[in-house]
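If you read the sequences in order, they're chains X and L. Mapped onto this note's numbering, the consecutive letters of the first sequence carry residue numbers 1 to 314. Mapped onto this note's numbering, the consecutive letters of the second sequence carry residue numbers 1 to 260.
Worth flagging that the hints you see were computed from the coordinates, not collected in a lab. Computed from a prediction, not measured in an experiment: that's the story for all the values here. Some hints could be false.
[Stated by the list, open to error] Residues from chain L shown here face chain X by an in silico Cβ test under 10 Å; the list is partial:
id, residue
1, Ser2
2, Leu4
3, Thr6
4, Arg20
5, Ser23
6, Leu25
7, Phe85
8, Met91
9, Leu92
10, Ala93
11, Ser94
12, Pro95
13, Val101
14, Arg159
Cβ coordinates follow ideal geometry from the N, Cα and C atoms, glycine included.
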Amino acid sequence: MSDPGAPAVEARGLGRDYGATRALDALDLVVPRGALVGLLGPNGAGKTTTMLLLATLLAPTRGAAALFGHDVVRARRAARRTLGLVFQEPSVDGVLTVRENLRFAARLAGLAGGAARDAVAAAIARMGLADRADQPGRALSGGWRRLVDIARATLHRPALLILDEPTVGLDPEHRARLWAFLDAERRAHGTTILFSTHYLAEAEPADRVLFLAHGRAVADGTPGTLVAPFGSAVLELDGPGAHAVADALAAEGLAREVVPTAAGCRVGLGGHRERALELAGRADGVTRAVVRAPTLEDAYFARTQAAPGRGAAA
Amino acid sequence: MSTLATIHGIVARDLRRATRQPSRLLGGIARPFVWLLLVAAGFNRIATVGADLTYQQFAYPGVLVMAVLFGGALTAISTVYDREFGMLRLMLASPAGPAVVLAGRTIAATAVGLLQGVIVLGAAPFVVHAGPGQLARALLALAAGALVSALLGLLVAARLRSVENFAGVINVLLFPLLFISGALYPTAHLPGPLGFVARVNPLTHFVELLRRTFGQPVEFSLATNVAALAAWAAAAFLLAALLFDPEQRFIGPARRGARG
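Using the sequences and the hints, build the whole thing.
Okay, here's the thing in structure tokens:
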């Protein structure tokens, strides 16, 4: 039985092993209805496994999850009714036209007759696909295929959209179009969106962001709270002398976070930009020193790089 | 209602895919005619099958089986294609679930197998003695055989992950099943194990249904033929339904990886 007050997603100790590999350890996640939540992490962090578990396509090895109160194992069918799914690769049948692809999706969602026709027509109009509606899927560019994919996933007005790297491979124009559409859907219908992405700027507008690394959640909060430890500014240092400068800043109590990078390090500053630049300017072996505002990327590297390695399945 | 909508959607899509790739259909129809016109016609002079039949007349029910078998089973290839390109994952995550997806796939593949069989059946008046009643009974037999052929193909496709593997397994599985079915030569005198395989082979019973229709000698009773095909269809559907579940929850956890 569905609980009208239940969150869109509730996972408790959710985990999955593949043989001896622990892909997802024990995830606790509550996504309120209508929220926009990003799952961020490097490849192999457990993002896709989390989404497949929530989509009922994988069975958990441990823990439990529910969508709007429907358990993803015991009430799979009810949980699936709440879902719209987009995976990394566009799932558009190249032999069928765009309209036929959408009609197929409508019927998969259980819509028949006039309801299916209306849903397809509305999806074509919303996504601006009218000029391409009668083209075969194989004639579309990757960007348009992805937009068809989004139209497919949303045409039955799911309460929860799960999007696994929906913008991978898209040019900036299609990416902007996709996010504008999703934002409009969310505002108009209160759709909950759980997404993963490697483009960290896409997660900045999220209500909440979860960093995953080695199958574990290593940070969880609003973009603002995740970035807060970096203070008011970040000093980017390149060159072999970067870490000596970071040490000097730490000794003076100016470094709030130090994150190694391929070329040097990033230092979160609690103010005192001038002093930090002065130290960097005097140091040997610093090839570049730049002060800028902190971003989610700084928090991402700080939390995912510091995470301990993956555990083995019992 | 939503289950019917899902089945409708899957059948409509699979039939569109089949009809928009005419080379597949033409190939499926050409193969039995090549056997009938080139191979069987040549064997007429050297093969003795008794019962006052030419080899071409003897082989005709087998050629019908060939048309239906390859039409139905190979249509199941779209399941492997869909798995490889991510579409099957979306279908299995639909509210209807794996068994309904399998039912839709079965109906579509059965229709394609039946269509290919009906086209080859059009040659019946030129090869065997076939009146309207015999043709009607042959149609029923083709439908039953197409259903079993479709389910055999889906059973194989249920666990395969690449189209290349599917083609290999189908060739290794379907041709031996066809050869040990009495479709192209009598199997009554096959030695022990092969004789046993021939008796439990669903295609043996499909061939016999057609031979019976055209008044040719048969080994089993009609009830045995029908029961054997029904048992194969039920067993193949149940097993394929279990295998279609992405996690095979009834027979143990999957050992697949996921990226990211």
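* To do: Using Cβ atoms only, decide whether L:Met91 comes closer than 10 Å to chain X, and label the hint accordingly.
  => 6 Å, holds
* Minimum Cβ distance from L:Leu4 to chain X below 10 Å? -> 7 Å, holds
* So, L:Arg20 near chain X? Judge it on the closest CB pair being under 10 Å. => 5 Å, holds
* Does L:Phe85 pass the interface check with chain X, least Cβ-Cβ distance below 10 Å? -> Nearest chain X Cβ about 7 Å off; hint holds.
* Holds or violated: L:Ser2 as interface residue toward chain X, Cβ cutoff 10 Å? -> OK, holds: L:Ser2 within 10 Å of chain X, min 3 Å.
* Could you check if L:Arg159 really has its C-beta closer than 10 Å to a C-beta on chain X? => 16 Å, violated
* **chain X contact restraint on L:Val101 - CB to CB distance below 10 Å** => Holds, about 9 Å.
* Asked: For the hint on L:Ala93, does the least C-beta distance to chain X fall short of 10 Å?
  -> At about 5 Å, which falls below the 10 Å cut-off, the nearest Cβ of chain X leaves the hint on L:Ala93 intact, so it holds.
* **Residue hint L:Leu25, partner chain X, criterion CB-CB below 10 Å** => 13 Å, violated
* Asked: Holds or violated: is there a CB of chain X closer than 10 Å to the CB of L:Ser94?
  -> 4 Å, holds
* Asked: Is the interface hint for L:Thr6 satisfied, with its Cβ closer than 10 Å to some Cβ of chain X?
  -> 6 Å, holds
* Minimum beta-carbon distance criterion (10 Å), L:Leu92 to chain X -> Hint holds; L:Leu92 Cβ to chain X Cβ min 7 Å, cut 10 Å.
Consistency with the previously given hints fails for numbers 5, 6 and 14, ordered from lowest to highest.
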